[in-house]
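So the protein sequences, as listed, match chains A and B.
Just add 358 to wherever you are in the first sequence, counting from 1, and you've got our numbering.
Just add 26 to wherever you are in the second sequence, counting from 1, and you've got our numbering.
Warning: the hint list may mix true and false statements.
To list a few chain B residues with every Cβ distance to chain A over 10 Å, as calculated [as the list claims (entries may be wrong)]:
no., residue
1, ALA28
2, LYS37
3, THR39
4, GLY54
5, ASN78
6, ASP82
7, ARG90
8, THR96
9, THR102
10, ARG107
11, GLN109
12, GLU111
13, SER113
To give an idea of the interface, some chain B residues facing chain A are shown, with a C-beta separation under 7 Å as derived from the structure [claimed, not checked]:
no., residue
14, GLY29
15, GLY68
16, LEU69
17, PHE71
18, TYR74
19, LEU117
20, PHE130
21, GLN132
22, GLY133
Because the hints were derived from the structure by calculation, they are not lab data.
Glycine included, every Cβ here is placed at the ideal spot set by N, Cα and C.
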Amino acid sequence: GQQLNQSPQSMFIQEGEDVSMNCTSSSIFNTWLWYKQDPGEGPVLLIALYKAGELTSNGRLTAQFGITRKDSFLNISASIPSDVGIYFCAGQRGSQGNLIFGKGTKLSVKP
Amino acid sequence: GAGVSQSPSNKVTEKGKDVELRCDPISGHTALYWYRQSLGQGLEFLIYFQGNSAPDKSGLPSDRFSAERTGGSVSTLTIQRTQQEDSAVYLCASSNNRGMLAFFGQGTRLTVV
Numbered sequence: 359g360q361q362l363n364q365s366p367q368s369m370f371i372q373e374g375e376d377v378s379m380n381c382t383s384s385s386i387f388n389t390w391l392w393y394k395q396d397p398g399e400g401p402v403l404l405i406a407l408y409k410a411g412e413l414t415s416n417g418r419l420t421a422q423f424g425i426t427r428k429d430s431f432l433n434i435s436a437s438i439p440s441d442v443g444i445y446f447c448a449g450q451r452g453s454q455g456n457l458i459f460g461k462g463t464k465l466s467v468k469p
Numbered sequence: 027g028a029g030v031s032q033s034p035s036n037k038v039t040e041k042g043k044d045v046e047l048r049c050d051p052i053s054g055h056t057a058l059y060w061y062r063q064s065l066g067q068g069l070e071f072l073i074y075f076q077g078n079s080a081p082d083k084s085g086l087p088s089d090r091f092s093a094e095r096t097g098g099s100v101s102t103l104t105i106q107r108t109q110q111e112d113s114a115v116y117l118c119a120s121s122n123n124r125g126m127l128a129f130f131g132q133g134t135r136l137t138v139v
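Bound-form chain B, shown alone:
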């Protein structure tokens, strides 16, 4: 697509439920990144994909968080048994082979009530 697309744009869920967040990167971009942005904070790195593999998962805050990428394109971030502290904006970005991180999606605002 023309830009990085994320869905849903907003998600309200009850504590304890699972949620799935989707990212469609720019066509042809091999690298894909997930970040989390809490209110008033900078961007917290979660996970990085190169193709379908994730060489760096060091930012995932707990084992309730997982992500996958299929076909070198779409990625899904899954949060199991959501907690209130998971409330944040989840941002996805993609880059080309040169690795310059240039393009972010608009994010998914997750609210856990």
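Only chain A is shown next, with the shape it has when bound in the complex:
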């Protein structure tokens, strides 16, 4: 099925560093969501974006809905070991219906 282009695929960073990851699509989305998945768990919603240009923060996380509605980025500031996991972007075209997911960014943090 269709998937979003998410990059990078993986990141190895030092504790305290900032992280940035992004998703792009050839199609317009009305909603962008960012999830984190820990091993053996289902994805957990981090941030939801509903409006082009919207910039939203959740603690050390900041995400933006691209003005073209075809991209989004997620930043994590001052990373800590518990940030380790796989981060997924997801786009939704309507107010309901299926979410299309990126392949994920695997984040590793060295203490």
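Assemble the complex: chain A is given as a structure, and chain B must be docked to it using the hints.
Same frame as chain A, but now just chain B:
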């Protein structure tokens, strides 16, 4: 319930057998989604329910896959004549009327041997 519950958590089955995966959504959530996650991949959409009806079945990979939902609550995903390529984690999620997909279950890890 308090969260989305899926059962079994793990299932090993022989190639050619049928399997049933169950999802109990959050109480009151009208929308229910099934996704499949293969190793190292993102989430692949399978099917979406609004109430008991499935307006979008476009992700079901073959006619061996089917799903139903009864009473606007529990959903069952059935895979007939399983193949090795069906091995994956099957995730269920539910959302409220506003359609924000927020809550996933822990998934069922299916292994076909």
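Honestly, which of those hints from before does the structure not fit? 6, 14
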